[in-house]
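**Student:** Could you slot chain B onto chain A? The hints should help.
Number of protein chains: 2
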Amino acid sequence: MKNLLIASTSTVHGGNYLAYLLPELQLHFAQSKSILFVPYARPGGISHEEYTLKVKSFFALLNIEVNGLHEFSNPTQAIEKAEGIFTGGGNTFLLVTQLHQNNQMQILKKVIESGTPYLGTSAGSNICGPTMQTTNDMPIIYPPSFETLGVIPFNLNPHYLDTDLQSKHMGETRETRIKEFHQFNAQPVIGLREGSWLDVKGEQITLKGELSARLFRQNQEAIEVESGNKMEKFV
Amino acid sequence: MKNLLIASTSTVHGGNYLAYLLPELQLHFAQSKSILFVPYARPGGISHEEYTLKVKSFFALLNIEVNGLHEFSNPTQAIEKAEGIFTGGGNTFLLVTQLHQNNQMQILKKVIESGTPYLGTSAGSNICGPTMQTTNDMPIIYPPSFETLGVIPFNLNPHYLDTDLQSKHMGETRETRIKEFHQFNAQPVIGLREGSWLDVKGEQITLKGELSARLFRQNQEAIEVESGNKMEKFV
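One line per chain: the protein sequences are A and B, in this order. Take the position in the first sequence, starting the count at 1, then add 1111; the result is the number in the numbering used here. Take the position in the second sequence, starting the count at 1, then add 1111; the result is the number in the numbering used here.
If you are wondering where the hints come from, they were derived from the structure by calculation, not from laboratory data. Note that the structure is predicted; figures quoted are calculated from it, not measured. Be aware that a few hints might be false.
Copies of the same chain look alike in the list, so a pair counts if it fits in one copy or across any two.
To be verified - Straight line, CA to CA, 20 Å or less: simulated EDC-like cross-link-like pairs of lysine to aspartate or glutamate:
| hint | residue 1 | residue 2 |
| --- | --- | --- |
| 1 | Lys-1279 | Glu-1321 |
| 2 | Lys-1290 | Glu-1160 |
| 3 | Lys-1341 | Glu-1321 |
| 4 | Lys-1290 | Glu-1161 |
| 5 | Lys-1192 | Glu-1224 |
| 6 | Lys-1144 | Glu-1176 |
| 7 | Lys-1290 | Asp-1275 |
| 8 | Lys-1165 | Glu-1176 |
| 9 | Lys-1220 | Glu-1314 |
| 10 | Lys-1221 | Glu-1314 |
| 11 | Lys-1312 | Glu-1224 |
Excised from the complex, chain A in its bound form:
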């Protein structure tokens, strides 16, 4: 049974890395002595090693060992044997390029569908939908494809930002961009605000955290969905 925690952000304002998710993660990875970390998104361009160290020091609090996917001579086997997997945030184009180039997208999908507990934050959450096409990131590298894991039937927009009606900035709002997406693509998009996450158990996708999420569907007005709701009702 699928078992995912798909978070908008790793860090909420004023908090430490992953701290707001600590009680959830204790439950989520209760059976995992170690987890495999996918560091490919490299936030701010940090190295795989630096990124993995940051994650190691958080999970040490939970007595869980962390190994970076880049450390393995046989990464396919590492994914298959993992007791838990965490893909961190950063640049989604870079993450998706690496996963495709290393032929790891399909194997990752397979183990997630078989029940390996998965945690994604930001870019690591983006890849859970059918495509990465509602990312906020810059296209710093050209991926072989925009297709991603497709383990949930929604695309995600993490760090969702409401339209600031006071703003004098003339760039597109997040809502405008998602509407442009729906000119060409049919899957619903969940605008997931910071501090919100999706708790996926099998085909049940529950919105968690204090805030509502904004749901965009092709040819329909966007709606607010309150925390606690099952998102799969809205596909």
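**Tutor:** Quick look at chain B alone, frame taken from chain A:
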């Protein structure tokens, strides 16, 4: 001799479409009885026809006729014969996809290099650099390539937004995103604020408008360049 006006935005806050550029455009298109409009970026998903009508009604003020590139049975010839070209803003991924699929990128580059006056705003400005990889837009469609016109040696980031030190939002700042770009790409990036534009005459690229621009170069600290400066000094 190249003759381009590359603007961050079509519209400044509180103003009408292209109004702040009106005196510049009178000079820029002084020899053009008609201009060819490239509507492919479709802001907010509007149709080629709707978008072209909007542009027609602005240029009517200058007594300049406007024809949409989508209206021609022989678009290559339309580009070659154009007395002026304007590419409007919208979604850069969509614009670049269409230009590549229609084999129009190279012919557009050729006529611009031969001296056809060109105006770009937002997405239409993005395509003037070597690649579209510093766009702010969502990847709503998968382009055959991220390469663009390369008629200036900088990438652009239109609608440049300074880091808001008061913000509680944890998404990446524009500066962070551009630094990630420079982990993988060498060309300088001009963060062009709204109300700013580049005036290109041959190889001279002058920053115009009231504001400074933010210049990012690989392995260097970002700097502010004041209006009136020649940007080609900084390559």
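**Student:** Quick one: Lys-1221 to Glu-1314, C-alpha cut-off 20 Å, is that within a copy, between copies, both, or neither?
**Tutor:** within (15 Å within a copy, 53 Å between copies)
**Student:** Pop the pair Lys-1290 and Glu-1161 into one bin, within, between, both or neither, using alpha-carbon distances up to 20 Å.
**Tutor:** Classified as between; 17 Å across copies, 37 Å inside a copy.
**Student:** How do Lys-1290 and Asp-1275 come out at 20 Å by Cα distance, when the copy is not named: within, between, both, or neither?
**Tutor:** Within one copy, since 17 Å is at most 20 Å while 26 Å is not.
**Student:** Between the shortest in-copy and the shortest cross-copy C-alpha distance, which are at most 20 Å for Lys-1192 and Glu-1224: within, between, both, or neither?
**Tutor:** Within one copy, since 14 Å is at most 20 Å while 56 Å is not.
**Student:** Taking 20 Å as the upper bound on the Cα-Cα distance, should Lys-1341 and Glu-1321 be classified as within, between, both, or neither?
**Tutor:** Classified as within: same-chain Cα gap 15 Å, cross-chain 50 Å, threshold 20 Å.
**Student:** Should Lys-1312 paired with Glu-1224 be assigned to within, between, both, or neither, using CA atoms and 20 Å as the limit?
**Tutor:** Intra 10 Å, inter 57 Å, cutoff 20 Å: intra-copy only.
**Student:** Are the CA atoms of Lys-1144 and Glu-1176 at most 20 Å apart within a copy, between copies, both, or neither?
**Tutor:** within (6 Å within a copy, 70 Å between copies)
**Student:** Tell me, please, which holds for Lys-1165 and Glu-1176 at an alpha-carbon limit of 20 Å: within, between, both or neither?
**Tutor:** Classified as within: same-chain Cα gap 12 Å, cross-chain 59 Å, threshold 20 Å.
**Student:** With 20 Å as the alpha-carbon cut-off, assign the pair Lys-1279 and Glu-1321 to within, between, both or neither.
**Tutor:** For Lys-1279 and Glu-1321, only the inter-copy Cα distance (16 Å) is at most 20 Å; the intra-copy one is 29 Å.
**Student:** Within, between, both or neither: how does the pair Lys-1220, Glu-1314 come out at a Cα-Cα threshold of 20 Å?
**Tutor:** Answer is within; shortest intra-copy Cα gap is 15 Å, inter-copy 50 Å.
**Student:** When no copy is named, should Lys-1290 and Glu-1160 be tagged within, between, both, or neither for a Cα gap of at most 20 Å?
**Tutor:** between (38 Å within a copy, 19 Å between copies)
The structure is consistent with each of the numbered hints, conforming to all of them.
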